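The task is simple: from the sequences and hints, build the whole structure.
Residue numbers (the numbering used here), protein chains in the order written: chain U, 1 to 304; chain V, 305 to 700.
Derived by calculation from the structure, the hints in this document are not laboratory data.
Hints may contain errors.
[Claimed, not checked] Away from chain V, derived, C-beta distances all over 10 Å, residues of chain U:
#1 125
#2 196
#3 288
[Said to hold, decoys possible] Computed, partial: chain U to chain V, Cβ under 7 Å:
#4 132
#5 200
#6 219
Since this is a predicted model, take the numbers as computed values, not measurements.
The C-beta atom is built at its ideal place from N, Cα and C for all residues, glycine as well.
Read off the chains here:
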Amino acid sequence: MTTLTHGDSVRRKAATEMRLLSISKYLLLVLFALFFLFPMVLMIVSSFKPDDQLLRDTSSLKAFIPYGDLTLDNYRGVFDRVPAGRFIMNSLVISFLTVGLGLVVNSMAGFALSRVRFPGQKVILAIIIATLILPLEAIAIPLLMVVTKLPWLSFDGGIHFEQGWLNSYQVQILPFVANSFTIFLFAQQFKSLPKSLDEAALMDGASWFGIYRRIAVPLSGPTFATAAILTFLPIWNAYLWPLMVVQQEDKRPVMLGVQYFFQLNVAWGEVMAYLTLITLPILVIFLALQRAFIESIASSGVKG
Amino acid sequence: MAAVTLEKVNKVYPNGYHAIHDLSLEIADGEFLVLVGPSGCGKSTALRMVAGLEDISGGDMYIGDRVVNDVHPKDRDIAMVFQNYALYPHMTVAENIGFALKLAKVPKAEIAERVKKAAAILDLTENLDRKPGQLSGGQRQRVAMGRAIVRQPKAFLMDEPLSNLDAKLRVQMRAEIARLQRDLGVTTIYVTHDQVEAMTMGDRVCVLKRGFLQQVDTPQNLYDSPDNVFVAGFIGSPSMNIMVSTLGGTAETPTVTIGDQTLSVPPEVVAARPAIAASIGTEVVIGIRPEDIEDAALLPDAPDDRRLSTTTTLLESLGSEVIVHFPLGAEPFSIMDAEFEGEDAIEKQRDSSGKAIYTGRFSPRSMARMGAELEIVVDTGRLHFFDKATGLALRD
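Pasting the structure below:
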């Protein structure tokens, strides 16, 4: 009897410990979540506050609380000051084309570098990986010199080539389609697929492109989602490069819009409203892709 | 369907490793040929060369009358079953089976028809809409087979297709594949390291060692008259007792020594194989199949000059037979010659006095006891003789 009671108390103690452990784990997670959510809450709450209240609240926790004269004036102000719709449209076009083209080009490169055997393969992959250490700032000037010289097909007044890519969509898209990190990511993913799948498909009559399209791509959903998220963010957030190559307003992306608010006196409410507007698309896309990401991970658990 | 012919085919890898040496084989139309050998013998490489998945470094490969050395795998019209099945995990069973037809742009209705037929043959009809991950090992194996048969190819290539199955399923699938091949009559090359599969399935068996062809023959001929010590030791389980012996006596009264004991050999054995007579007075290698050794207690009429005295070191009763281990004074002859000794050389077990242990397959009625004295009878009419220097069978 005593041993039973003793066993019970030990078990109860263990259960309590487990519960405490999981509570503290969740507490920690909630703290982390709050830590990352605070800036966003501050941004969204502030976007509805008039400037004087906003500035008054910044020194206290009130900054995070929606109270007082909440108004949409800041949003109206944004559209008066900045062609926000145009900028968001531009950024959506640029980001989607870069991501779309990037997924095709980089996954094909990764496939070739990991699955197809050809001389110099390892050297090429090594060079591609080596370029990872070069930040955009380091190559911005040479890149600028290149894009000012490159020709582009023009349809204005008959088909002809024009020199220079400045003030265009392509100058914001094409230099960022091929991405060494994404190529590396795809190469690693494709390398992890069993070699015998290629061989079986070869025997079944598939070409290398057929193997890529019908076998490798369908089995790599998570990697595509990851690559999409990872390429979308920097393109959406691009500031330095568009600043260098786009002077015309109708081709500018969202981030260049931010500088419109930092004129003589900064309208912080409008800044927050604008930031809220340009953050929403990323949030939506991120959440949508994240779901696909998790789903594809779950389905890839099926192995033949 | 077509014959497959290899003419002095060689495979040298870029790192210089010579995997296949002058392999010549003729596989007749509709024949089931098994390639067998220990790991690293080149059997899978040879198969992959037929498939077109490995380049041919030298020699010629024919499928039918056509040289296929430089023909792309998809244009060779052969189907392959892989060891890990290589099913496409994201496709259903029906899509897996019909994939090759889809790529060949066969009309959809015909694909559905042929997939259905293949599924019926392989008992997969109820699983056509499932993904490979939802199938058991045996079902996956059948899907892999289905993928091959649906194409009606000129030849099937199978690379250890049963090695991932458990023992019971393996026996069942072994029979199924053999039956299927007979029904379809498609030329088949089958790679295995399992000699039971090789012996039971193949019309002919081709034994390879280190990229060299050792012998191609029907299973029974391989077993009864191995061309060399390697084939003798490789085919048969438990494997043949192979030992060094001195061939003595005369052509009329030949004898062999087993350590310090002597056995007489029927003169007709020597008469049938003149090379043995020529070796009288020299050291040779002799091979005794375990089933040619019996407990003397069960054969009271056996002459004294066929008997050997020893002790029992281990008894393994299998119900239908008893495998008996016993030491003999004769030195064992390694089935791997000196050149190849290393990871493959199997250290022969020895008893406390250093004598090598050999095995016999006794009738279950044998009263042999562990550790007790044992008298055995050797059927010397069925001895195998090999040249000690070359390891080749002594025949003509």
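Do the hints match the structure? See the list:
no. : hint : result
1   : 125  : holds (18 Å)
2   : 196  : violated (4 Å)
3   : 288  : holds (21 Å)
4   : 132  : violated (29 Å)
5   : 200  : holds (4 Å)
6   : 219  : holds (6 Å)
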